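Colleague: Protein chains in written order, with this note's numbering: chain A, 1 to 209; chain B, 1001 to 1511.
Source of the hints: derived by calculation from the structure; they are not laboratory data. Computed from a predicted model, the values in this text were never measured in an experiment. Each hint should be verified, as a subset may be incorrect.
What the hints assert, rightly or not - Which bits of chain A does chain B cover? Going by a derived footprint, with three or more residues having C-beta under 8 Å, they are:
#1 57-70
#2 124-137
Said to hold, decoys possible - According to the in silico footprint, chain A covers these stretches of chain B (three or more CB under 8 Å from chain A):
#3 1450-1457
#4 1461-1475
Claimed, not checked - No more than 30 Å apart at the CA atoms, straight line, and that leaves these computed lysine-lysine pairs for BS3-like:
#5 Lys1506/B <-> Lys11/A
#6 Lys1500/B <-> Lys11/A
#7 Lys1450/B <-> Lys73/A
#8 Lys1497/B <-> Lys11/A
#9 Lys1500/B <-> Lys1459/B
#10 Lys1366/B <-> Lys1419/B
#11 Lys11/A <-> Lys1488/B
#12 Lys11/A <-> Lys1499/B
Don't be surprised by glycine CBs; every beta carbon is placed ideally from N, CA and C.
Spelled out from the first residue to the last, the chains are:
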Amino acid sequence: MMDLTQRQWVKHVVFHPFEGFEDLRWKKGGSLKYTAVIIVALFFALIAYDRWCGFQFRPLPDAMFSVMPYIMKSVVYFFAWVLGNWAICTLLDGEGTMKNICIYSSYALIPYIVSTFINVFLTHILVRDEQVFFSTVYYVGLIWTGILLFSAIKSVHQYTFTKTVAAIILTLFAMLVILFLCVLFLSLFQKVYVFFYSLYTEILYRTRV
Amino acid sequence: MKNKSKHSLTIMRGAAAGLVCLIALSSFKSPVTADEPYDVYNYNYLGEAVPSQAGYLAERSVSGLDLGTTALNAPSDLFKDSQDFFYLVDSGNNRILKIDSEFTEIVQEYTSFKMPDGSETSLKNPKGVYVSPDTGLMYIADNENARALIVNPDGTVKQEITKPESTVYDQQLTFLPQKILCDNAGNIYIVLNNTTKGAAMFNAAGEFIGYYGANSVAPTAEVIANHFWNAIASEDEKRYRSRSTPTAFDNFDIDTVKGFIYTSTSAGSTDTDIVKKVNPEGYNLFDYMSNFRWGDLFSTWYSGTTYKTKIVDIDIGDDGSINCLDATTGRVFQYDKEADLLFIMGATGDQVGSFAQGNVAAIETKGEGCENIYVLDAGKGTVTIFGQTVFGQIVHYATKLYNGGYYEEALEPWLEVLKRDGNYRRAYLGISSAYYNMGRYKDSMEYAKKADASGRYNKAFERYRSQWLRAHLTQILIITAVLIAGIKGLKFFLRKKRKKAAETAKAGSDS
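With the hints as extra help, turn the sequences into a complete structure.
Modeller: Okay, here's the thing in structure tokens:
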């Protein structure tokens, strides 16, 4: 029973929000390859949402485009989530490994990505007055992903409902801390780099004179 | 090098433009040929300064000696009446000069006037002048004599307005008129420099009626906090608390056709109510544009001083354009009547067309399409005359048509504008509107996209979509039907095949 291929697992998980991840855990399914594909798809979905929309819905002027925020919003946020969740749930008797958190969380993002792409298509045929279709698709995707993410965390760690809620809230805090530390680290390294660089130029001048 | 190439480019463009102009728009005059001593710019929709074509070029500057009289001494106001005569208030010399429309010679010099009782009276540091288009009466703000004079065209004083004795007017205040004008009903408005309540308003008989068009207080955090503390303070404490008072506007002009009074405020401490359009009831019609920045969008900071736009005078052109004079940068900002920026001209410097910082005092315009702009430089005692370029003429022509709702007629001039300046965003908007009205929705969408106007694109796209759907309805229906049938057939075919395969497999395992 339930001998599915990796691709069938993806489909099974997305369309069975309440027991899909339990099945996945039971059968030890899921693949990191799909995680990579999903994260790349998320990256392109975010860019598509800002750049490939029909012009009547375009929120961002062309001149202000930069790729960095999109990398931030997809790759960095995702790994901060995984890292934060792993760090919190190890302390809270969670059973998930880093690999499983990665796989389960990424599978949960699929409805959001798909709804974004559907929306990008819709903006080319809708006008502003018909925005309700657009927002419907958006919120369906968002809520679906929310439910999937919740059930992913619940089953990967084998938590109760309340413990999952607590874990998610704590994970969000952990993400903040991680990102804050990253910024701190980066600016510190920049200072160190500048210090060594000025040392180098100083020596260069001295030896020359 | 840069200047040279720019110059040759201007000539090339001028030549090509002149040709097209002669063919297409024969009503326009020949281009003004000179090079401006500054980089011409305009703001794009993101609020960034981008290079632009000059709409006006400084032609010449006129001093008192050029006009055949002594040098001007701290002149403070310039006014053009309905017959295109100019009135220049030469404050330091206590006189008013009436100058001909070409600004070459003095028609009349007013130094003293005959009072109704027969005595002679002279001016003392006059600051403002206005001539009514209906009656021809001249209104003079005679500052240090603490009065305003209403003078008949023949030079006799008709009426003298002095400090009102009304209780509404605080009797401890002096009455020192700065600027003056009168509306179509004969009401007289006088800007005083010691009240924030607005302009003192007198009826045609010279009786004080009240104040008109005061600025409002911007609701900053400090003002709100102040309001709160005042509400809970005792009467005694209140006397020592600071009160939030608005800044006073210090110059104004009247749109004689429509009757609106435009006020300008030069105080640098506020960003609200810099320019107001006040209706006869005293209500500011530009109130909804409270976030609009008049003049330069950014202030510059240089060695401890912030240089910020300071609008000292405002003039409403005959075509309704709003011309603001910025004393900080010596620039003129010209807006159309919808407050869309048309042109920026002028700079700080010593060449013709540029002014010493803080020296400019007054601005006037002349012509149906605002062909000339006159800037009074109080420091040098000169009037600089700006003339419209071909580009400026076309933009004004197109703007006039566009604002009047003649979108299709404005198409040709807007296309002409784009040939000269691809950065001019309003041209893209104008062309988009024209094509929309003509039913060319695809083209309208294209130009709306170029102008980055997604609202306008949305409108055009809606029409384009329904047009497209109507044209292709049969094809769409046929294709959908074929697709559905095809998918159904394929599914049926696949299921049959699978069934067959399963049956043969079953048969194989059974045997």
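Colleague: Determine for every hint whether it applies to the structure shown.
Modeller: Tested hints:
Given as covered by chain B, the segment 57-70 of chain A passes the check, having 6 residues with a CB less than 8 Å from a CB of that chain where 3 are the minimum. Closer than 8 Å: that is the beta-carbon criterion, and the segment 124-137 of chain A has 4 residues meeting it against chain B, so the requirement of 3 holds. Judged by the Cβ-Cβ criterion of 8 Å, the segment 1450-1457 of chain B is covered by chain A as claimed, because 4 of its residues qualify and three suffice. Here the segment 1461-1475 of chain B counts 3 residues with a CB under 8 Å from a CB of chain A, which clears the bar of 3, and the coverage holds.
The hinted pair formed by Lys1506/B and Lys11/A meets the criterion: a straight-line CA distance of about 29 Å does not exceed 30 Å. For the given pair, Lys1500/B sits about 27 Å from Lys11/A by alpha-carbon distance, which is consistent with the 30 Å threshold. With a C-alpha separation of about 29 Å, the suggested pair Lys1450/B and Lys73/A falls inside the 30 Å cut-off, and the hint holds. Restraint check for Lys1497/B and Lys11/A: the C-alpha separation of about 24 Å stays at or below 30 Å, so the hint holds.
With a C-alpha separation of about 56 Å, the suggested pair Lys1500/B and Lys1459/B falls outside the 30 Å cut-off, and the hint is violated. For a cut-off of 30 Å, the pair hint linking Lys1366/B to Lys1419/B stands: about 27 Å separates their Cα positions. With a C-alpha separation of about 23 Å, the suggested pairing of Lys11/A with Lys1488/B holds against the 30 Å cut-off. Distance hint between Lys11/A and Lys1499/B is fulfilled; the C-alpha atoms sit about 24 Å from each other, no more than 30 Å.
The earlier numbered hint that this structure contradicts is number 9, and it is the only one.
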